[in-house]
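Enquirer: The chain contents come next:
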Amino acid sequence: MMNKLKFLTKISLQRKTNNKWFLIANIIFAILIISLLNIDSIVSFFGGDFDKTQIIYVKDNTNKTYDILKMQNDNYKSIIKENENAFKLEKTSKTENEIIKKNNDAWYLTIDIDKNNYIKATLTTKDYVNTNDYTAISTILNNVKTYIAINESDIDQNELSKISKPLNIKRNILDKSKKAESENHQMLLSTIFPILILPFFTLTIFLIQMIGAEINDEKATRSMEIIISNVSPKTHLFSKVIASNLFVLLEAFLLVIYALIGFAIRNTYNKTSPLDITSAINSLLSSDIINNLTYIIPLALILMILTFIAYAILAGILASMTTNTEDFQQMQMPIVIISLVGYYLAMMANVFEGSIFIKILSFIPFISAILAPSLLILGQIGILEVIIAIILLIISIWALLKYGMRIYKVGILNYSSKNLWKKMFKALKG
Amino acid sequence: MLKIENVTKFYGNFKAVDNLSFKVKPGEIFGLLGVNGAGKTTTFRMIVGLLKPSSGKITLDGHFIDYNITDKIGFLTEEHSLLTKLTVKQQAIYYGTLKNMKEKDIITKLDELLKKFKIEEYKDKKIKELSKGNMQKIQFIMAIINTPKLLILDEPFSGLDPFNTEMFKNEIKLLAKNGSIIIFSSHRLEHVELFCKKLLVLKNGKNILSGSLEDIKHKYRKKNIEVIGDIDEEKIKQIKGVISVNLENNKYQIKIKDESVIDEVFNIVKKGKNISKFSVEQPSLNEIFIEKVGETYDE
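Line order of the protein sequences matches chains D and R.
Mapping of the first sequence onto the numbering used here: residues 1 to 430, in sequence order.
Mapping of the second sequence onto the numbering used here: residues 431 to 729, in sequence order.
Worth double-checking, as some hints may not be accurate.
[Said to hold, decoys possible] Under the rule of at most 25 Å between Cα atoms (straight-line distance), these lysine-lysine pairs were calculated in the BS3-like manner:
no.: 1; chain 1: R; residue 1: 649; chain 2: D; residue 2: 6
no.: 2; chain 1: R; residue 1: 482; chain 2: D; residue 2: 429
no.: 3; chain 1: D; residue 1: 6; chain 2: R; residue 2: 532
[Claimed, not checked] Computed footprint of chain D on chain R, listed as stretches where at least three residues anywhere in the stretch have a Cβ under 8 Å from a Cβ of chain D:
no.: 4; region: 474-480
no.: 5; region: 501-508
no.: 6; region: 513-526
no.: 7; region: 707-717
No lab work stands behind these hints: they were computed from the structure.
None of these values were measured; they are calculated from a predicted model.
We treat Cβ as the ideally placed atom computed from N, Cα and C, and that holds for glycine.
So here's chain R without its partners, still in its complex pose:
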């Protein structure tokens, strides 16, 4: 289990991470969210042992993170952390050996992963010759070549098309199923919603929202009502507790402050014509994020 306990990190007088605590169990995919500068990268760097916390402690299975344990960690950085002059095979041997793997095992694992991601032909190609998407695949392969116990993924879907994104998702889910701890950060909140059962939102280094996704959505009082049909839009807008009414693609999106407004909205909708849908939806993570952080998740 990964345990982050009361971790604070200062850069000079600037507090980058403020008393952060969370736990991630084996098999869990944990979302760490926040706008740029919120403290995500600093937290990742502390988890992989690149930075020492100013206070608090970080442990993996009860051991402090040091060079005896980093062999069990996989790290995919937001930028392509690949030596572009090397070939894919050389790069794999480089990073694999740093994880204390034997060359023979590295090649076997590399062949398996290249085949899985359908890029076997790039094994002896220089990384600088690859497209952005293929570079991202190689970077992902490098992060998981040691079948890590703890995998940190900072923007793993950057530069990927939907087909490859799906491939990545499947592999991440498989790793989690096999017991890896996965910490995940993405600007694409729909991915976070699909993946993560637990998440934490950072703002200015502080935890402003955390818990299971289900609980977070449940506790979030604002709801959306979706309606298809001809309704009296003006009457609905006049109901106390209705925040907004928007028509998009012949579908009304009615935002309400809490569940108490639903009956009143329903009473007006049922007087409309051609009603084919009335459904109360949970808010999206994106809406919750905007509400909590006070700004959109920067892309």
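Bound conformation, chain D alone:
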């Protein structure tokens, strides 16, 4: 029977990989991932202004404000710690039409004296400006106004310097195991983790649909009768579960390869890019986050593989109950929705910080693989909670096999949808 299991697994895997759709899907994945990792270069190539410093031509009709504006712009840069992406200022005496005609992307800022409000500013652009940039220039101009106001209030230079100096908040975290420097990295990870688990979510959907399609195909062609007359339903289901899991692991491996190719292209052709992912990764690697990742990654992987197995068994059981692909499409909706709920909860885990409800949800099989690692990264749950989630998942797999197998045995040889649920409940009772 072991030989037959191996053979059925091999055939099932071959049927998934030896077809043109696997090739086409992977070409699309490779192009998408490599393109996304080099999106700034692509945008720049087509003449976009991705990450380009916005230039502002300043016509200072007050003859004293430009220097203050420049100083406040530098201060703003130091606050946001994004030296490359702040504004580049240039004084001009030309008119707005002359400037914008020459450079469509440029901004033209006119500063005039205002008796009631120290200064007034007019920003002229060819098109709409984005909200972040508008907020930034408003903040800088308000700082300029404040500076002028303080300056005209007979305050000595020392005091003025103190008032103008940006305030740096010193972080003090009582938990000694946590370092203040890691705080930003942690926030960064909590943002990028949902992006990293998107392939997991996609692969889960793949897995569910592949198992359903294969079992439905075998049922619809009645080849199921020949197969089940030679191997037990248990061997048959196991072969599907193993093959589909091997397939998703292979696909995940290929996605990693595409990502590495994307990074390699980025490092080779795009060394001067302002969006330096490599240095961001290096920065992460040099922090103590890497120590956390040494246990977060294995735990997340265990949860993910167990979840793939659980989904595969569930999809197989549901597929066995259906008689055609349309029925399976309807039947799989609840499990797709459960998976989707897990994905959205993981994305919003930051928002629900401290919520007991979300912590409890992270234990629930089928969504724990997505939610628990997110909460672990955010420090909302510990290793113990993740281990509980793993144990609960193993218990669920055992229950699915014990009781679901009864349904599977009856379902795979059932071709009528009449009294379907009655038949399945009867099978469940054994």
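Assemble chain R onto chain D, guided by the hints.
Expert: Only chain R this time, still in chain D's reference frame:
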């Protein structure tokens, strides 16, 4: 030997097979007949181990049917049980391996059978690209690729032209000659008559008629008299015991209730003119079936 002993199968409260018993020896071709829903498919499914009987037992050479013995069984289902996206060769390797055959042996056997059925060129073609008749041939090849000890054929001639039907018949006879046990079901009762020495008719899961074909026909009292010539049809119809008189293709078909009527019919026929044939025929299996089951064998 295949032994079915007091087998009953329930689906819930519905009794699909009711206390069924029969035996088939090696080399025998056994006909299992019945209208749709009579319990044939359930019986086949129990024989190949897909279903467990609610009571009774099924044994092949004294062993209960389980996964240790199903390698010796070949099963041709009524519907095409082929994975249509596979090529013929892939399909053969698939089903052959499930029968514990080695890939090399499967290919050798496949080549031999493809040649025999004159479809060698389809070896690397996808099954979905084949015609209905060729698909049936492939399905038959898949059922016999392991040279089964027990072969179950559910409607084996479906979709076949007379030439290919003949080819199938020869192969089935050869398998029987080589000692295979063959259980056969067909809507074409003339095939059953030609093939099966023993048969069983199921109605609502029950055995309503069984035994050797010769005995069944012999015991069936109604006979047919075939007459060619000019006869007094009305006089014959008046004889007590004559059921019907029909003229088809210049040939009279006279149905009689039993052999006691023959002399009386003959006495009237001999008074007719241009008589070139008077023969007493055994009833066809189809007639017996209609009589016993109460309805025609649905096609």
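Enquirer: Hints broken by the structure, by number, lowest first?
Expert: 1, 7
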